[in-house]
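Peer 1: Sequence lines, in order, name chains G and F. The working numbering applies: residue -8 is where the first sequence begins, and numbers increase by one. The working numbering applies: residue 1281 is where the second sequence begins, and numbers increase by one.
Think of the hints as simulated: they come from the structure by calculation, not from any bench. C-beta atoms are modelled at their ideal positions from N, C-alpha and C, and glycine is treated no differently. Treat the hints with care, as some may be off.
[To be verified] Short, incomplete list of chain G residues facing chain F, as computed with Cβ under 10 Å:
hint : residue
1    : S(-8)
2    : Q(-7)
3    : I(-5)
4    : W(-2)
5    : E17
6    : G18
7    : Y27
8    : I44
9    : I47
10   : S48
11   : P52
12   : S75
13   : D76
14   : E97
15   : R100
[Said to hold, decoys possible] Quick look at which bits of chain G chain F covers, simulated, 3 or more residues with Cβ under 8 Å:
hint : segment
16   : 37 to 43
17   : 87 to 96
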Amino acid sequence: SQTIHQWPATLVQPVGSPLSLECTVEGTSNPNLYWYRQAAGRGLQLLFYSVGIGQISSEVPQNLSASRPQDRQFILSSKKLLLSDSGFYLCAWSVQMNTGELFFGEGSRLTVL
Amino acid sequence: GDSVTQMEGPVTLSEEAFLTINCTYTATGYPSLFWYVQYPGEGLQLLLKATKADDKGSNKGFEATYRKETTSFHLEKGSVQVSDSAVYFCALSAYGNNRLAFGKGNQVVVIP
């Protein structure tokens, strides 16, 4: 069966520090991968998605970047965190076919102080 | 752009009560519509979906009907249980590649 892992689960970082959140998927190949963010009082916002290794699409301009160095690995990064980067980050995967079904990880809560 | 609006605020109700969570959408085309649920300590998971007008999605006693004339996809359950306590998200897919636009979510608390 397929599983998705995200880490770390909780992170507290000072403003201006770097960020790296990792996500890996097991039990499937060539998935679509997604990073979503949920900020306080707001819905889930799609940040990045990827349909293959090295292929990253950004949905909103921001202080973050994403990379997909391997088929089942998706990394969210920042060189210098802002207070506004605080939130709950969710990684998800889907099959290539457009079914609308996403499989989510348990999320990473980031607090920037 | 395409978006989803959910009713404001958490929902608190007693066990066996009727649950309705409102969801309306704005889309230029004919999107597919979804309800996702997030149980405490877990990731989101798909609850039900509908891909065209007048379709009814159903699962675990929950239902939602795709209403094109009112651009709505309200979630209902006739008799809730404590185990239904969770956050419920309405979403639409209009862009391909499984890119979903989500609503803000509604916290549902069912009291014994």
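Peer 1: Compare the structure with the hints numbered earlier in the document and write down the numbers of the violated ones, lowest to highest.
Peer 2: Violated hints (numbers, rising): 1, 2, 4, 5, 6, 8, 9, 11, 12, 13 and 15; every other hint is consistent with the structure.
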